[in-house]
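Sequences and hints are given; from them, build the entire structure.
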Amino acid sequence: MAQAAPELQRPYAGETVLPVRDESAPRPVARRGLGAANPDERLLQWGVWVAALALAWLVTQRLLPLAGLPWFLIVWFLCGLVMIGVTSVLTARRVDLVDRLARTVITGAAGLVGLALVSVVVYTVRRGWEPLLHGNFFTQDMSGIGPRDPFTRGGVAHAIVGSLIQIGIAIAVTVPLGIGTAVYMTEVGGRFARVVRTIVEAMTALPSIVAGLFIYTVLIVALGVPKSGIAAALAIAVMMLPIIARASDVVLRVVPGNLREASLALGASRWRTVWHVVLPTARPGLATALILGIARGIGETSPVLLTSGAATFMVTDPTSGVMNSLPLYIFSTVRSGEPMAESRAFAAATVLLGLVLVLFVVARLAARPRSAKPKLRHRLRAAVPVLRGGVPTPWRKR
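The sequence shown begins at 7 in this note's numbering and counts up by one.
Think of the hints as simulated: they come from the structure by calculation, not from any bench.
By construction, the Cβ of each residue, glycine as well, lies at the ideal position given by its N, Cα and C atoms.
Now the in silico label distances, taken between C-beta atoms and shown as ranges:
#	residue 1	residue 2	range
1	Ala108	Ser326	55 to 61 Å
2	Val92	Pro213	43 to 49 Å
3	Gly53	Ala122	24 to 30 Å
4	Ala268	Gly186	19 to 25 Å
Below, the structure is given as structure tokens:
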């Protein structure tokens, strides 16, 4: 019997034959998404900005009378945009052209904001670094210290303590009121909730001097309360309350509705659902709302100027009389016109920046989700007795 051709032979039972790849066939080309650049395009991007740098120097230094670094940076950025557009038209698709231009504009805007922030911080620290080198600046007050006295005498301890006391009272007042208002607008709703939301949105644009005048008229003029730290704290609270309420309202509205439905399906009341499910889920966002409120209140000067008064000595009782704070100390010190007093004011501004940074970090750490938390379904199972008002009981294994 003639032997079969090799290409017609079949493998034995159980034998696996792998297909042989044809090397002559063209390989599929992977599609490249927007924003993904190969090495040639990266080199082209760097070359575009180098060429734009040379063109900006030629325009500002030789062709047009545009002296100064700001004009040079502006012309450089505009030339970079033009050259990116030209090279993209020649080497890429239209969608790539739009993507590169939009990415460049957004990156430039972000860089401009970062540059402004860094320049403010660097300028403030540079103007006030000399008083910061002395330890007494953080431990002494300005009692008996003149504007021309050396930096080895006096400090801002009284202003730091006053700012902490005032912002602490304002936080204690605004956090329950602001979050409670947000819970009412989000969870209760109704016709009156829409009115409250409109008032809160209108109060977010309230000028700070109006808040100071309100507390000054109600407490100091009408009720006869003297200028004190508690009056300044209430004025700061008026500024912080709409910010915290509005931000908390936005955060609570983005909590998934199925979490509320799951809690209600397990037999929980509306109040226990809000307390045990909605608020813990929105805790990072509520911390952000608190940070926004602190940022608005801790740097206000005009409400404090009208309600607290300036003191050069240490005051720890917010109800006893005038109390100084860092913004008020900066305002009153920089008005003297003396170089040494201005240096003290910039040093106090540096301390204020550091204080705000510390408060932000503390708020973020307090709202950071724990990695060891159980999964949501286990939390819901364990929360059923608590939501119903009973005593937790262990679940039986199925």
